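Respectively, the protein sequence lines represent chains A and B. Taking the numbering used here, the leading residue of the first sequence gets 1, the next gets one more, and so forth. Taking the numbering used here, the leading residue of the second sequence gets 199, the next gets one more, and so forth.
Simulated from the structure, these hints should not be mistaken for lab results. Any given hint might turn out to be false.
Stated by the list, open to error - Chain A residues, not near chain B, derived (Cβ > 10 angstroms throughout):
no., residue
1, Tyr67
2, Lys110
3, Leu119
4, Gln123
5, Lys178
6, Gln186
Said to hold, decoys possible - If you anchor each label on the Cβ, the simulated ranges turn out as follows:
no., chain 1, residue 1, chain 2, residue 2, range
7, B, Arg227, A, Gln186, 41 to 47 angstroms
8, B, Phe294, A, Ser130, 29 to 35 angstroms
9, B, Ala252, A, Thr12, 48 to 54 angstroms
10, B, Ala252, A, Glu174, 36 to 42 angstroms
11, A, Glu89, B, Glu290, 30 to 36 angstroms
12, B, Asn226, A, Val121, 39 to 45 angstroms
13, B, Ser321, A, Asp97, 46 to 52 angstroms
14, B, Asn224, A, Asn114, 26 to 32 angstroms
15, B, Asn226, A, His158, 34 to 40 angstroms
16, B, Gly245, A, Asp190, 50 to 56 angstroms
17, B, Phe294, A, Met73, 20 to 26 angstroms
18, A, His158, B, Pro247, 34 to 40 angstroms
Small disclaimer: the values here were computed from a predicted structure and weren't measured. Where a beta carbon is used, it is the ideal one built from N, C-alpha and C, also for glycine.
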Amino acid sequence: MGIIGIFVNNETFEGLHSFVYETNPGDKNHHENDPECEFEKLFSQWTDVEYVSNYLLKNKSFCETEYFNGSTMDDLIEKVLSEANALEELIYTYATDGNNNDDKLQMIFKPLHNNEHLLPVHQKTKAKASKGGLLRIYAIRLGDNTFIVTGGAIKLTHLMEEHEDTIKELEKIETAKKYLRAHDIQFVEDLIYYYEPE
Amino acid sequence: MSQNENLKKISKGVSSKWRQGAEYRNKNRWLIYSSKIARRVLAAIDGSPELNQAKLAALLNVSPQHISKIVKGKENLTLETIYNLSQALSVELISFPTYKWNETKNIEITVESSSMTVILVISITMNITPLFFTNNISYDLFGGSSAHYVLNQIDNSYLEVL
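If we strip away everything but chain B, and leave its shape as in the complex, we get (with noise of 0.2 angstroms):
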């Protein structure tokens, strides 16, 4: 059968395979997240004179066929995998956000002088839950002694440049 007559027996109604294409990239929204994966595994071997495909499914242990995936960002990673591509790339690929028991706070505190009004802002990390940290006893905790300190030096230099 040539290729043209191929051509014409599939083209009754819908034949081409782009619609199921299409609804997999359409319900498989985590292939997002292997894009950008995929985009920095290229960057790590772009240029590289150690390191290529090949070099790092041997690395890897896996087959050419599973990094030619990955590098397309069609894979299904899976966290031991992109581990592993880490530690071989020494790049990484993944990074975690901060969250509430990280992430830092700012308080405002105004501390008044004879001569001025200044409000500090102080950012806090909180690494562990605070569970002492209220509003009310913030000023008593982070704004006390520091904030009379800091205002202190503004004094001092404000009066310098008078």
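In isolation and in its complexed conformation, chain A is listed as follows (with noise of 0.2 angstroms):
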């Protein structure tokens, strides 16, 4: 486990990161000396069709309750695909332009918590496309524009803790949190002793 820079300002480390999981030889996505972070492991999985489509099939039974208003497997097809889209280029605007406004990363990565008040230390954090859209990536804040992102799931469900993906990114936040608490990484200065040890 470690973490590894999106697009990050080489002097301050503020930017996105994503963390990545050790794999083994064997493994789908093991990629020897050339680790798929977190990050970029969601947009192969969203904009790849077959694993969409799976993905979907597998969970039909979510995808048939009243949440979904009698969508056809087509349209969440559709709508994951197109979701996937804006929000990559929602994110790509910003890696590209953000910099040179005073946009800050915390527009994109909200609290995971709604009504959440409180700013604590490693919050939790979620990015989505639009209100009501499937695709969620988590992230843990470290400060208005350094965000690490630890997952992110097709959402089918109102609540995390009604699916087992969604449970299970939500066990990835806390193993990420407590990751970052060992390597003493609480705010962005810390990333650079993270990353470039004496």
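Reassemble the complex: the two chains are provided individually, in unrelated frames, and hints are given to aid placement.
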């Protein structure tokens, strides 16, 4: 397990980072000496028609609830693919132009729990393409312009606790927080020592 | 070198390949078409006892990797491949919308009789370029006798109801 940069200011280390989890040779997503981080993996999966179709077919019972208002399988596949496109474009635009404006990443990554008014250390956050969207990127906040992605999901239930995959994402966030505590990473500056130890 | 050391090595600066992937997806909007075809191929295979990706590859005489790329919606398909896929699956993968030479035109014709005025809307599909088709002569071509026939029918049923 480790952290890598997605788009990062080389001096301040502000920007978007991502966790990457160790894989073993033989694992489907194993890339020797070139690990795929959680953030990159999400967009590889969400833009892969076969992955999205299989995921929704596997979760057909969740897709047929009132929550989706009679949407067809094709409607949902289309929704995931177009949301992935919109979310990627949103983040790409920020990665490209954001530093030239006053925009901060916290405009994209919002508190995971709605109505959260306090700002705890290692705040859990989420990014989504639009209100009512299916896709979520989960991240831990280190600063208003610095987030570390822990994972993401195609969210098919109202509550994260209602689906095994989003439960797993909650567990990943907790594991990530433990990792940050163990490596004394609380603020953006701490990443400098993480990336470039003396 | 341990995986963790490896990670730290690549962590300096921007290291993820995501940006290149995002740029590629952003520039290559044909991927939208590819994904629509991929869905139809997957649906055709889904639940079929006779067909799977490996068999489809054999039928088309292409590698399984090629089929894998197609169903991921990441392949820039040639018309030849689309046609061959379509034949192998017995499924139409692309369709051709109406265009100006075969689109349907609605023509409104007002016909008056002693008891009522009827507005007829006649749909015409132009399978050839209707060079003769102008507003002035459309009534004569399509409205004339047939319009009066319809009007008579309406008149009769109207009277029956009364």
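Tested hints:
no. : hint                                         : in the structure
1   : Tyr67                                        : holds, 22 angstroms
2   : Lys110                                       : holds, 21 angstroms
3   : Leu119                                       : holds, 26 angstroms
4   : Gln123                                       : holds, 22 angstroms
5   : Lys178                                       : holds, 16 angstroms
6   : Gln186                                       : holds, 18 angstroms
7   : Arg227(B) with Gln186(A): 41 to 47 angstroms : holds, 42 angstroms
8   : Phe294(B) with Ser130(A): 29 to 35 angstroms : holds, 33 angstroms
9   : Ala252(B) with Thr12(A): 48 to 54 angstroms  : holds, 51 angstroms
10  : Ala252(B) with Glu174(A): 36 to 42 angstroms : holds, 41 angstroms
11  : Glu89(A) with Glu290(B): 30 to 36 angstroms  : holds, 31 angstroms
12  : Asn226(B) with Val121(A): 39 to 45 angstroms : holds, 41 angstroms
13  : Ser321(B) with Asp97(A): 46 to 52 angstroms  : holds, 50 angstroms
14  : Asn224(B) with Asn114(A): 26 to 32 angstroms : holds, 31 angstroms
15  : Asn226(B) with His158(A): 34 to 40 angstroms : holds, 35 angstroms
16  : Gly245(B) with Asp190(A): 50 to 56 angstroms : holds, 52 angstroms
17  : Phe294(B) with Met73(A): 20 to 26 angstroms  : holds, 25 angstroms
18  : His158(A) with Pro247(B): 34 to 40 angstroms : holds, 37 angstroms
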